[in-house]
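First residue of the sequence shown: 452, per my numbering; consecutive thereafter.
Please keep in mind that the hints were generated in silico from the structure rather than gathered at the bench.
These numbers were taken from a predicted model, which means no experiment stands behind them.
All C-beta atoms, glycine included, are put in the ideal place defined by N, C-alpha and C.
Wrong hints could be hidden among the right ones.
[Unchecked claim] Here are the simulated distance ranges between beta carbons:
hint: 1; residue 1: Leu678; residue 2: Leu826; range: 25 to 31 Å
hint: 2; residue 1: Phe629; residue 2: Leu826; range: 20 to 26 Å
hint: 3; residue 1: Gly681; residue 2: Ile465; range: 15 to 21 Å
hint: 4; residue 1: Ala564; residue 2: Ala667; range: 49 to 55 Å
hint: 5; residue 1: Thr827; residue 2: Gly698; range: 20 to 26 Å
hint: 6; residue 1: Arg537; residue 2: Gly496; range: 39 to 45 Å
hint: 7; residue 1: Ala755; residue 2: Val458; range: 30 to 36 Å
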Amino acid sequence: MPGLLTVLEILAVIAGPAGVLWLCGRNRLAGVLGPVLLAYALGIGLGNALPLDPKLALTLGEAVVPLGIPLLLLGTDLRAWLKLARPTLVSFALACVSAVVAAGLTGWLFRGASDEWWMMAGMLVGVYTGGTANMSAVGLSLGVRQETFVLLNAADVLAGAAYLLFLMSVAQRALWTFLPKFTAPERTQAEAEGSATAEVPARWTHVLQALGFAAASAGVTAGLAWLAFGKLEAAPVMLGLTAAGLGGSLLPRLRTLPGSTATGEYLMLCFCAAIGMLADARTFQGGSATALGMVCGCMFGAIALHLLLAALFRIDADTVLITSTATIFGPPFVGPVAKSLANRHLVASGMTAGLMGYALGTWLGLATSWGLRALTGAAP
């Protein structure tokens, strides 16, 4: 039975998105919901219905991301991207400020529930400006108990699943009620070439060429990261993959390769199915209400404050949603969310925001923890 479940889990990640795309093309309701949301829902349903292996799901998700990211960036028009850099940077800064404020307030409210409240607040700043690696780095630096990290991570998966479903469904329409709509940069020659070539039907040879470029990019990036750091650090690998995709976009033959974007989007659907399997409510049974309360208070408090500040600065809805995705979830989720928003213009800038979060997350988390400890006199 375990062997059969393993095969089923692998097939669901690799072939499940194909079924989702088939359904979206033939069912009106499925077409409205979109393939990203349905792929994620497929993973959640299987993960909660069957005793799947979360480590295998995580491995599968981590395997497709290095292939998908360069392909999503191949069609990028760098000149148009530079026009989007300023609002993305402002929105990213507002998201970081919001995370620090929300974590500080949430930590103070839960100060009587745990002796590690100020450490937990800093760890949440790390994960909601950078990623899980930043949360782990903050926790290790402060000496947090292992069970605290496990509970925070499980609570983050549950709360994050709810927010991700919102992002991929009604978020854009909801934000349009109080934020400006995104205005695409003027069409450039590069985009004109790309759209003209996009009309050429993709063949298997094109898909294989795209996968070959992605595999080469991932291999070189991983090799350089290993030589530089002795292990595969997330931040430099993501940076290398982003650079490879943007570098490839400068070559007309790669930028206009038919099927490259579709292949990257399919790999991101595989990622959504795999990550959905991790949102298993059973992993949190018997867990601490304090951890769940702090995670929800920090995550949704940071999101609400970010939206309020974005309204004051008149940042468009799509930019806010992409930078929120980059900080709350990290670069791998930018592609799927951008697809659900029907806005590929922000993929590159969203990836960049996520990478900045990786770089700053640990420092912001430690600064928050030390600041709370100094202000309240909490025991070290």
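So, going through the hints one by one against the coordinates:
no. : hint                        : verdict
1   : Leu678 / Leu826: 25 to 31 Å : violated, 43 Å
2   : Phe629 / Leu826: 20 to 26 Å : violated, 33 Å
3   : Gly681 / Ile465: 15 to 21 Å : violated, 31 Å
4   : Ala564 / Ala667: 49 to 55 Å : holds, 50 Å
5   : Thr827 / Gly698: 20 to 26 Å : violated, 48 Å
6   : Arg537 / Gly496: 39 to 45 Å : holds, 41 Å
7   : Ala755 / Val458: 30 to 36 Å : violated, 43 Å
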